[in-house]
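Work out the full structure: start from the sequences and follow the hints.
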Amino acid sequence: MLFLNPLLLWGLLAAAIPIAIHLINKRRHKTIQWAAMQFLLKATRESRGKKKLRHILILTCRALAVAALAFAAARPVVSGLIGWGGGSIDTVVLLLDRSASMETKPGDGLAPRRQIVIEKVRDAMKTLGATRLVLIDSASGKPQEIPSPDVLAEIAATAPTDSAADLPALLARAAEFLAETTGRSEVWLASDLQTSNWHPEDERWAAARASLAALPQKPAVRVLSLTGPSAPNTAIRILGSRRSGDEMLFDLEILRAADTRGTTTLPLTTNLNGTRTTENLTLPGQSLRFQKRVTLPGGSETGSGWLSIPADGNSRDNSTFFAYGPARPVKSVVVAPAGEAADYLALAAAPPGFGNQATQRVDPATAASLATGDLAAILWAAPLPTGPAQETVSRFLTSGGHVIFLPPVTSSDDSFLDLKWSNPTEAPAGKFFILKDWNHSDGPLRDASDGTPIPAERLKAVRRQIPLGDATALARWEGGEPFIARRILEQGTAWFLGSLPDYTWSNLGDADVLLPTVQRVIAAGADRFDASFLTTVGSETAQPLAGETRARLDDYGTQNPANAAYESGIYRLGERLLAVNRPAQEDNPEILSREQLDQALDGTRYTLLDQAGQADDPSLSRDVWRAFLIAVLFFLISEAILCLPKKSHPQALPAKAAA
Amino acid sequence: MHDFIDNTLLSRLASLPIESRAPMLGNVAGKHRSPHRGSSVEFAEYRKYVAGDDTRRLDWKAFARSDRFYIKEFEADTNLRAYFVVDASGSMNFAGNGESKIQVARRIAASLAYLLVNQGDAAGLSICTDKLHLEVPPSRRAAHLERFFSTLGKVQPSGETGLIQALHTIAEKIGQRAFVVILSDLFTDTAALGDALQHLRYRKHDISVFHLMDPLELGFEFDRPHRFVDLEDGTSIVAEPNLIADEYKSALRDFLTAVRAKCHDASTDYQLVTTDTPLEPLLREFLTARLPKSKH
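As you go down the protein sequences, you meet chains E and V in turn. When you line the first sequence up against the working numbering, it's residues 6 to 664, in that order. When you line the second sequence up against the working numbering, it's residues 11 to 306, in that order.
Quick caveat, the hints were computed from the structure, so don't treat them as lab data. Yeah, the Cβ is synthetic: ideal placement off N, Cα and C, and Gly gets one too. Don't take each hint at face value.
List of simulated lysine-lysine pairs, DSS-like, C-alpha gap at most 30 Å [said to hold, decoys possible]:
(1) K56(E) <-> K259(V)
(2) K47(E) <-> K141(V)
(3) K259(V) <-> K35(E)
Here are the simulated distance ranges between beta carbons [stated by the list, open to error]:
(4) R59(E) <-> E290(V): 43 to 49 Å
(5) T36(E) <-> H178(V): 34 to 40 Å
(6) P11(E) <-> D243(V): 56 to 62 Å
(7) T36(E) <-> E290(V): 49 to 55 Å
(8) R59(E) <-> R22(V): 48 to 54 Å
(9) R59(E) <-> A299(V): 26 to 32 Å
(10) R151(V) <-> T36(E): 18 to 24 Å
(11) R59(E) <-> L144(V): 29 to 35 Å
(12) R59(E) <-> Q208(V): 40 to 46 Å
(13) Q208(V) <-> T36(E): 36 to 42 Å
(14) S25(V) <-> K35(E): 44 to 50 Å
In structure tokens form, the structure reads like this:
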């Protein structure tokens, strides 16, 4: 509770007046000679208790009536946002979450949560009067003085964005700002509490809390929670795009709100270089991942576009942008000694009919001089690389390439990335090594986008070598030993397969396992070329380099040039063509739990206002002096009722002599 | 002249006789009934002649009619002796906004005594406190009244009440039936008061109680805290009357009810008199109520 006229709180001292009058009256007694003393003594003994309580209640009512009047005169303002405390607030630092998820509407026909909370903050600031308002928005992270609450909804720094938010960094920035500010201050944190933006486990929270605690005048922290029910929403996101000749292959994901049920049909609009096509999409559940092919116009070298669904509960997640460059062949290299295994690997890397795929066979002895600049993947069926070859492969991996290591046939102590091969082992006579389980959602043996599993159970091996070391196993033999292991090195990935496509080792060459594995690894490796056209809002690649200027190419939706750095779209940065999309984390519906919030803001004694995002709760604060006036009336009426004489006794005393 | 005697009042009441409700035993002939047969003109009864009876009282006409001897008897009239018992404890000195209770007691006692002597009856006075018991023996001489009034006028209430002891003493002391008038605020133990009244009643005395109370004592209306100082023992207490008024009135009501019940049990005339009550209607009502039904 805040008081707009705090000086009038001195009027609370007037509450002592009834008590003082009572005490003075008690001392101002008259002396009288009295005869009927026996009744007086009896009455005095009996009147203790109920009567005394009644008298105390009367006195309390009088004192409270005066106190309530003083409170009303001090113009109290109350809400969960403005806590108890005398005096006024000098500075309010508003930390505004401007992430794409903040554009979710609490209901059909209502404004987005970001807009609702901005209007509420504006009204609250008007109530507070001369309090200074400083805005730190999640997109820019820069403190900005707001001259008047009225302009809060108008400025670009509160406009919607497609960015993510980094709340621990935002709080740290607020602490940094408050270190240079004097007076009583408060931090108002307006957010939808999206876990992916709050990073509750992040160690930076401790640093931010320590910075706040170190301030000479510790600010009150108010969390304006914008959670709660929301309008029906569907989001579309591009998981990956790849140019394959005259076609673009899109891996798409469509997510519906968690509370939706049943199958629905959705129009999916594709805008390719200004040409618009629409098709209907059937959504069987809450999420759908699928691949979409788009034929590019003949002779198209570069281009861009977007895929969109109709506007709904959040207008910022209804589109996803893409761009593409000239078609390039998908190249791979098979490093293996000549033989059946090398043949199968080369066949799997560039099967007949895949015109844009090419592979080259390289002898392990010359692998050190391998040119990897345009390679998508390397298939390495030889002793693990050492010396110059190891450097070459490592460089390839760190630049985003993928390498599949297969058993070297012979025993070796060589290691790569702290991984090495075990000695070859053979299955007992008449028996095979078979796969027990594999990851159906991740890795090269994952199920197809339509849910069809890879028939990995058909793999039968008589010989195998086990990758030893710290790696993630994605498929295991029957005995639990890893068949496929993964080790990520910066942007690239090293894969280890525990058998060879050779009839003396296994039936891996039958293509049930080898072909999808190799093709998927090559596709992942090739993505690094197409990925250069895709980026997310706020990422480093989306920032203009020195000498580059930003220009937006698309005309999707309402654009705010002042917020170009925080909006998704098609941009040209210097010579670069970029499709900038909102970060994937913005589609994550997970909300921070109260325990996680307590943990993040531990020690700040924060106040949670969980109705801030409700459109039907018009304001964050209320002028409540009327309530105190009603309280004055209540206390006065109570006092009057308590003062009423009791009903006369049926056996009244005789006033006159009776015969 | 004493200030508690109102000649106008006495002259107005002079036409009303003071009657006894029970037969009295006086020492001279008077206007009150006696329990013995006498020589008045009022026929009482016939009874059979027994040896030794005065033959002059034989009813010869009855003998002529029935051939039997009958004695004709007549009522005996005697005078009345009244004892006025005035409580002179400190509480009788209380005066709210008018006269004190002792002053009202003086006026009632003096008026009734005057009327009694005036009609040939005797009036005596007994003044009691815990330490003092003054007595003026009953007499029907007019000169006796001056002594009665003088003693009454000199009474200065003080100390605690000695009413109960005084009533027992009077009950034992008065040999013959008498009219006992008690003037007191009765601030004493009601059970002991009941015993004393029963004692008097056992002696066949005709008892009347004038219970004197001040309107302030009954109403207990004060507008601010007061220090109440006991008139009898001087102890004091500070109290807020508006806080304890209900309890005070309840206790007082219980007391009045108990006193009234004790008086009723002892067949005693009970009069609750507030000190602001005009005396004439009070006494007129008192005297009228005592008249025999036929004289009403």
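Outcome of the hint check:
no., hint, verdict
1, K56(E) <-> K259(V), "holds, 15 Å"
2, K47(E) <-> K141(V), "holds, 27 Å"
3, K259(V) <-> K35(E), "holds, 21 Å"
4, R59(E) <-> E290(V): 43 to 49 Å, "holds, 45 Å"
5, T36(E) <-> H178(V): 34 to 40 Å, "holds, 36 Å"
6, P11(E) <-> D243(V): 56 to 62 Å, "holds, 59 Å"
7, T36(E) <-> E290(V): 49 to 55 Å, "violated, 35 Å"
8, R59(E) <-> R22(V): 48 to 54 Å, "holds, 51 Å"
9, R59(E) <-> A299(V): 26 to 32 Å, "violated, 45 Å"
10, R151(V) <-> T36(E): 18 to 24 Å, "violated, 47 Å"
11, R59(E) <-> L144(V): 29 to 35 Å, "violated, 49 Å"
12, R59(E) <-> Q208(V): 40 to 46 Å, "holds, 43 Å"
13, Q208(V) <-> T36(E): 36 to 42 Å, "holds, 40 Å"
14, S25(V) <-> K35(E): 44 to 50 Å, "holds, 47 Å"
Hint compliance for this structure: hints 7, 9, 10 and 11 are not met, and every other hint is.
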